[in-house]
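There are 2 protein chains.
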Amino acid sequence: MELDYDVVVIGGGTAGVTAATTARRHYPKKKVLLIRREERTLIPCGIPYMFGVLDDPCKNVNPEHILSIRGIEVKIGEVKQIFRQDKKLLLSTGEEIGYDRLVLATGSRPAIPPITGLDRKNVFWIKKELEYLRQVLAALEQAQRVVIIGGGFVGAELAEQIRKYRQLDVTIVEILPYCLYTSFDEEFCFEAERELQALGVKILTEKKVAELAGAERVQEVHLEDGTVLPADVVIVTTGVRPAADLAQAAGISLGPNGGILVDRTMATSDPHIFSCGDCAEKFSFFGGNPVQIRLASVAAMEARVAGANLFVRRRESPGTVGVFSSKIGEKAFAAAGLIERIAEEEGYDILLGEASAPNHHPSALPGTFETKVKLVFDRYTGILIGGQAVGSDSVGELVNLLSACLLHRMTAVEMAAFQMGTHPLLTPSPPAYPLVVAAEEAAVAKLEPKQED
Amino acid sequence: MELDYDVVVIGGGTAGVTAATTARRHYPKKKVLLIRREERTLIPCGIPYMFGVLDDPCKNVNPEHILSIRGIEVKIGEVKQIFRQDKKLLLSTGEEIGYDRLVLATGSRPAIPPITGLDRKNVFWIKKELEYLRQVLAALEQAQRVVIIGGGFVGAELAEQIRKYRQLDVTIVEILPYCLYTSFDEEFCFEAERELQALGVKILTEKKVAELAGAERVQEVHLEDGTVLPADVVIVTTGVRPAADLAQAAGISLGPNGGILVDRTMATSDPHIFSCGDCAEKFSFFGGNPVQIRLASVAAMEARVAGANLFVRRRESPGTVGVFSSKIGEKAFAAAGLIERIAEEEGYDILLGEASAPNHHPSALPGTFETKVKLVFDRYTGILIGGQAVGSDSVGELVNLLSACLLHRMTAVEMAAFQMGTHPLLTPSPPAYPLVVAAEEAAVAKLEPKQED
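Taken in order, these protein sequences are the chains called A and B. All residue numbers for the first sequence refer to the working numbering, where the first residue is 6 and numbers rise by one. All residue numbers for the second sequence refer to the working numbering, where the first residue is 6 and numbers rise by one.
Among the clues, some could well be false.
Once the Cα atoms are required to be at most 30 angstroms apart in a straight line, the calculated DSBU-like pairs of lysine-lysine come out as [to be verified]: (1) K35(B) / K336(A); (2) K64(A) / K377(B); (3) K35(A) / K451(B); (4) K85(B) / K336(A); (5) K64(B) / K451(A); (6) K377(B) / K377(A); (7) K36(A) / K36(B); (8) K451(A) / K36(B); (9) K336(B) / K169(A); (10) K64(A) / K336(B); (11) K451(B) / K377(A); (12) K34(A) / K377(B); (13) K336(A) / K132(B).
It is worth saying that the hints were derived from the structure and are not from the lab.
Assemble the whole structure, with the sequences as input and the hints as a guide.
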């Protein structure tokens with residue numbers, strides 16, 4: 006028996022679900038099928054919280070009804086091969102499914118670092134699989150000492166949750182000078198590390214893991230400098246790689262970082278096949294170079310572009326801005342676009358603006374703490390190219406305001422007269438609003454010294 | 006003795022302070038004087054919280070050091086007259102002060118509604134004067150029943166604080182169909198009223214006050230429909246009017262709403278005199294018509310334009326967007342630009358987008374509640390003309406993201422592929438992010454029915 010669909014989406018993660026729902030919104034008469042391997046899918050960014058504040062891992066499962074209420078059919082199964090000539094898929098069951106448009110949203114898999122002994126028992130990755138994560142949780146129940154290899158967002162959030170809610174001995178081993186170093190400038194990394202350390206998380210930076218030693222089960226983490234860390238459980242969070250095998254086997258072009266090559270409409274080298282999310286190659290909003298930024302929020306944006314373009318060309322992705330946020334301890338950290346260090350590495354001549362203010366006004370109001378903003382501008386054009394912030398939970402939306410400023414290439418001069426709304430209980434005060442004050446600092450720095458004469 | 010300054014700013018509120026600090030930033034060699042009447046100035050938006058959560062009214066006083074560290078001189082005094090020909094000011098002390106550039110930031114004063122008996126004892130306004138507000142607080146100490154005339158932001162916030170922290174019997178009398186009716190569409194007003202009512206605040210809408218009756222002290226509020234409300238204290242919060250007398254006496258042009266007429270550089274009809282804040286006439290970002298929106302955040306923006314333009318023409322105000330936020334009970338309410346009702350009154354053919362999602366993902370995380378967004382687009386161009394939101398405190402920054410979208414005249418199509426950052430503890434999930442989902446709803450609604458064939 007052969008089933009045919011107008012649209013087949015492979016992958017049940019953020020990209021797949023959003024592409025399918027967008028396709029149905031834009032083309033309500035089309036028959037849409039989503040094929041995924043997992044019976045139940047996880048909310049990817051919620052995974053660290055399955056190890057802490059969420060008392061039941063099932064609470065991080067995606068609600069299934071979103072697909073059914075949108076009229077999207079779901080098949081649990083594995084696609085073995087794509088026959089592009091015939092526009093057909095072969096499933097591992099032998100079943101064949103015809104498509105008119107195909108969306109590849111096959112996601113990513115953990116990157117494997119060059120460490121000996123990764124195959125020992127109690128060495129885990131963060132996979133988006135409920136049953137696998139239950140095994141990690143079971144191992145943690147028996148553990149005293151946990152070593153997390155990699156201090157990016159996932160490693161830092163995981164360390165925070167395991168330490169805070171399980172009181173285990175937690176050590177992060179990071180190869181770079183700071184945790185979160187690819188996303189933040191040093192002063193923000195330092196503040197995040199201080200939050201982790203205040204909770205009792207140990208942090209070793211500029212350290213490389215050589216070997217995971219032990220009998221059957223991992224017992225020690227050996228660093229290249231000779232340090233030996235005892236460990237009952239090791240969790241490896243050293244990033245992800247695009248899962249592009251299916252596309253590659255079908256002769257679809259890949260990009261320089263191994264993701265499925267896409268144009269700005271999210272079409273692959275086959276015009277009937279689109280791709281979005283972690284499996285798709287990413288290009289920077291700043292200059293168009295390939296970047297390794299894989300985020301659920303980027304996946305959702307790409308899926309909204311792919312899904313809308315399936316039958317009529319409707320929108321384009323402007324490239325990946327990269328908008329991050331996290332909460333470590335009591336503080337929210339967020340960044341959008343280029344940080345100072347990376348902007349300089351990319352060859353920009355930059356102008357900085359920095360400002361800080363209490364998140365309530367007057368600051369005597371309860372629950373007040375400081376919101377700090379750092380903006381990076383291109384000196385030549387005055388255009389914003391990046392921003393970072395730390396403060397209360399509202400920083401999670403403040404960074405989205407920064408993203409809007411980035412996407413519209415706002416200049417320091419424009420941002421210095423930005424019309425924000427303010428409220429005593431919700432934001433810093435109008436004269437001190439840090440985004441605007443930081444922009445004014447950069448706008449004024451751009452002036453010639455003798456302007457006023 | 007005659008003192009001369011390069012820049013004199015009249016007014017010590019948000020506009021005056023921000024204009025003075027901006028002038029110093031842009032023209033660091035210029036001598037700047039700020040003249041104000043009050044020994045100590047209040048944070049205007051913080052005033053309702055002096056009646057509740059702030060246990061000491063002095064905690065809502067502006068920090069004085071901001072002016073001194075910027076090298077701005079301060080004089081406490083009253084300007085009686087402006088001699089424009091001589092570029093001189095006459096103070097009530099008889100002192101004369103010369104200026105090269107003058108900034109009028111004389112603010113606003115409470116509007117006086119046509120009610121009989123406003124001169125009775127225990128009838129108060131919300132003035133930005135510490136000693137006056139101490140009298141209101143003292144009267145409340147003796148009171149049981151408080152009637153607030155006017156259910157705008159100030160009235161609603163005041164009612165909430167007095168009820169919550171003083172457990173008095175509080176009634177709001179509002180002439181319009183809902184509280185907050187000039188800033189929000191009905192469904193948001195309804196939700197805000199429900200929060201107030203849950204705290205025990207009584208609300209009477211579509212009711213007009215005829216008279217405040219009593220012996221010496223106010224004892225009753227008589228409504229036009231015959232209802233009599235007993236009252237120990239009455240607070241009138243029926244809006245403000247620009248304080249433009251000084252400018253008018255000096256022959257400076259006023260605008261249709263009685264504010265000081267300014268161009269987009271914030272210059273008045275006298276090119277050496279600028280004006281900003283509540284005393285300046287406001288023009289809408291949407292079409293340029295005069296509007297009655299007086300906010301500290303608008304004052305700060307205008308002051309940043311005025312201060313930068315004093316000696317070299319550097320920036321323009323694009324007009325007043327109007328960005329509001331407030332917290333009533335447990336919910337934050339915010340709006341930017343035009344609401345549905347006013348957009349229709351202004352003659353737009355509109356498209357709506359509405360969406361709602363939990364502010365955390367998964368929603369099982371603690372402290373989760375719904376964030377609801379409503380967007381108003383111009384159907385013809387697809388451009389955003391307004392947005393409203395209700396939810397957690399982050400709505401205070403979410404509305405600033407809406408303001409950035411408005412200022413850049415983003416379309417529904419652009420916003421539907423907006424690159425936001427998301428985080429389980431800080432924002433809704435990527436597929437459900439309500440601003441984007443609402444924009445997509447409007448973007449799709451714009452499509453012709455037969456687009457896909």
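The hints, checked one at a time:
1. A threshold of 30 angstroms between alpha carbons decides the hint, and for K35(B) with K336(A) the separation of about 40 angstroms lies outside it, so the pair is violated.
2. Of the supplied pair hints, the one linking K64(A) and K377(B) holds, its CA atoms being roughly 23 angstroms apart against a limit of 30 angstroms.
3. Simply put, K35(A) and K451(B) have alpha-carbon atoms about 19 angstroms apart, close enough for the 30 angstroms limit, and the pair holds.
4. Restraint check: the Cα-Cα separation between K85(B) and K336(A) comes to about 50 angstroms, which exceeds 30 angstroms; the hinted pair is violated.
5. Straight-line distance between C-alpha atoms of K64(B) and K451(A) comes to about 37 angstroms, which puts the hinted pair past the 30 angstroms bound.
6. Between K377(B) and K377(A), the direct Cα distance comes to roughly 27 angstroms. Compliance with the 30 angstroms bound is thereby established for this hinted pair.
7. Pair hint K36(A) plus K36(B) does not hold up; C-alpha atoms about 72 angstroms apart against a cutoff of 30 angstroms.
8. Between the alpha carbons of K451(A) and K36(B) the distance comes to roughly 22 angstroms, so the proposed pair stays at or under 30 angstroms and holds.
9. At most 30 angstroms may separate the alpha-carbon atoms for a hinted pair to count; K336(B) and K169(A) meet this at roughly 29 angstroms.
10. Pair hint K64(A) plus K336(B) holds up; C-alpha atoms about 25 angstroms apart against a cutoff of 30 angstroms.
11. Of the supplied pair hints, the one linking K451(B) and K377(A) is violated, its CA atoms being roughly 40 angstroms apart against a limit of 30 angstroms.
12. With a C-alpha separation of about 29 angstroms, the suggested pair K34(A) and K377(B) falls inside the 30 angstroms cut-off, and the hint holds.
13. With a C-alpha separation of about 36 angstroms, the suggested pair K336(A) and K132(B) falls outside the 30 angstroms cut-off, and the hint is violated.
Of the hints listed earlier, those the structure fails to meet are numbers 1, 4, 5, 7, 11, 13, in rising order.
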